[in-house]
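With chain S fixed as given, assemble chain F onto it according to the hints.
Taken in order, these protein sequences are the chains called S and F. Residue numbers 197 to 437, in the numbering used here, belong to the letters of the first sequence in order. Residue numbers 197 to 437, in the numbering used here, belong to the letters of the second sequence in order.
Among these hints, one or two may not hold up.
[What the hints assert, rightly or not] Just the calculated beta-carbon pair ranges, DEER-fashion:
hint	chain 1	residue 1	chain 2	residue 2	range
1	S	K371	F	I428	46 to 52 angstroms
2	F	P271	S	N392	24 to 30 angstroms
3	S	G274	F	K244	27 to 33 angstroms
4	F	N266	S	I282	18 to 24 angstroms
5	F	K206	S	F389	50 to 56 angstroms
6	F	E231	S	I301	22 to 28 angstroms
7	F	P271	S	T365	18 to 24 angstroms
Source of the hints: derived by calculation from the structure; they are not laboratory data. Please read all numbers here as calculations on a predicted model, not as lab measurements. In this text, a Cβ means the ideal position worked out from N, Cα and C, and glycines have one as well.
Okay, here's what each chain looks like letter by letter:
Number of protein chains: 2
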Amino acid sequence: MADSINASGKKAVVLFSGGLDSSTVLKIAVDEGFEVVPLSFFYNQRHKVELEHAKKIADRFGLKSHVIINLDFSPIKGSALTDAGIEVPKNRINAENPHETAEDIPATYVPARNTIFLSYALALAEVTLAGDIFIGVNHLDYSGYPDCRPEFIAAYEDMANLATKASVTGKLRYKINTPLINMGKKEIILKAFSINVPLELTHSCYDPVDGLACGLCDSCVLRKKGFGEAGIKDPTRYYKS
Amino acid sequence: MADSINASGKKAVVLFSGGLDSSTVLKIAVDEGFEVVPLSFFYNQRHKVELEHAKKIADRFGLKSHVIINLDFSPIKGSALTDAGIEVPKNRINAENPHETAEDIPATYVPARNTIFLSYALALAEVTLAGDIFIGVNHLDYSGYPDCRPEFIAAYEDMANLATKASVTGKLRYKINTPLINMGKKEIILKAFSINVPLELTHSCYDPVDGLACGLCDSCVLRKKGFGEAGIKDPTRYYKS
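Chain S with its partners taken away, still in its complex shape (with noise of 0.2 angstroms):
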């Protein structure tokens, strides 16, 4: 039976938004040796140009499989990133100390989202014989969103190998892979920039401008003080900095 877990060969779906985190997942999961399926989501989300970024980063890594579905949210209401009567909550976190002002979780907050994209992974995974799927959520300088936690993740990975047809007849395991999952932006960055992932194509902010960088949001807060830390310069076009 073991030897048929996973014999189709390496190959991995890999949840993909065109963001920092997620480009830098996307680019371990190729140097790993993967044949990667990026899956990326249009859910009306107010940071929509993020799938322009996807696409071109795609693109740089020569992926041809980029695959984009379109989610309805629409009767899911309450989030600032699918309702544009909720504004992105702005200088909400101290960039030297996130955790000491940020303790609640913010109205960026989309519920149940990373499941719904999981699910839609775990789906793609089994059509395409895929028995990993990345996801590049991180618990350290984050937002404080439930669905980036270890114990999630775990809880997911036990659910999906009970749920397909692949799993069940021992085609595949699947694995849920966060190599992100115990580094802070700092160190996403550092390993980000060693890996040579395109950084001035990723786009972090929650709130874009004209398509730049609002630099208020708790993603860009976290970004800016990542590639400060990191040392490295910042190739973020912010329409306030």
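Then chain F, alone, in the frame of chain S:
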């Protein structure tokens, strides 16, 4: 802390296809006093006529809250239910002894479908403050789908309670309710009859012809068998019988 769990009252999201099983589950949830949000999906399924049945049944129960979400399954190939090029198996199972002839998982299996359905239900449950999710899975007279088994449901519930802001902050504790899990079709039909489910409005067929049930797919065969064993007149209009 315990006081705040599901303090918003008895509210439930019910996965509801318009079929016999989920219509029965919907009525069970209504009868148990839940404020119910029925959730259906359009995924360009071969049997999309089921949504018309779902709307009629929700209307019959006076449920204005019916939510229909569009799912993009186009990149998820390989199922007879979503791919016009794959035939729905006919005369596959023996009506007298379904498990004897149907050991394999059939072509109507849709990769990770219940995982994706439940993930949307979880998101909708979070934003509607519903602590309960109902799903009409059963593992006796079923077609062999892995995501209809109790062990899958238990793992999903564990994962769900680690996934969301509402569960992590103690506002809600999610319960995945499967009232039909140990019932065969006969028992489900007797239950449905006893609680006045409008059986004539429910739709089960995977491969309808001019809106009528084919009578030959697994779902039709199991439904026919169930009505026969229950001794209740089958109100289904079959194209072939």
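Okay, the hints, checked on the actual structure:
Here the CB-CB span from S:K371 to F:I428 is close to 47 angstroms, well matched to the stated 46 to 52 angstroms. For the hinted restraint 24 to 30 angstroms between F:P271 and S:N392, the CB-CB distance of approximately 29 angstroms keeps it satisfied. Checked against the hint of 27 to 33 angstroms, the C-beta distance between S:G274 and F:K244 comes to roughly 29 angstroms, which is consistent with it. For the pair F:N266 and S:I282, the supplied restraint of 18 to 24 angstroms holds, since their beta-carbon distance comes to about 22 angstroms.
For the pair F:K206 and S:F389, the supplied restraint of 50 to 56 angstroms holds, since their beta-carbon distance comes to about 53 angstroms. Checked against the hint of 22 to 28 angstroms, the C-beta distance between F:E231 and S:I301 comes to roughly 25 angstroms, which is consistent with it. F:P271 and S:T365 have their C-beta atoms about 22 angstroms apart, which keeps the hinted 18 to 24 angstroms range intact.
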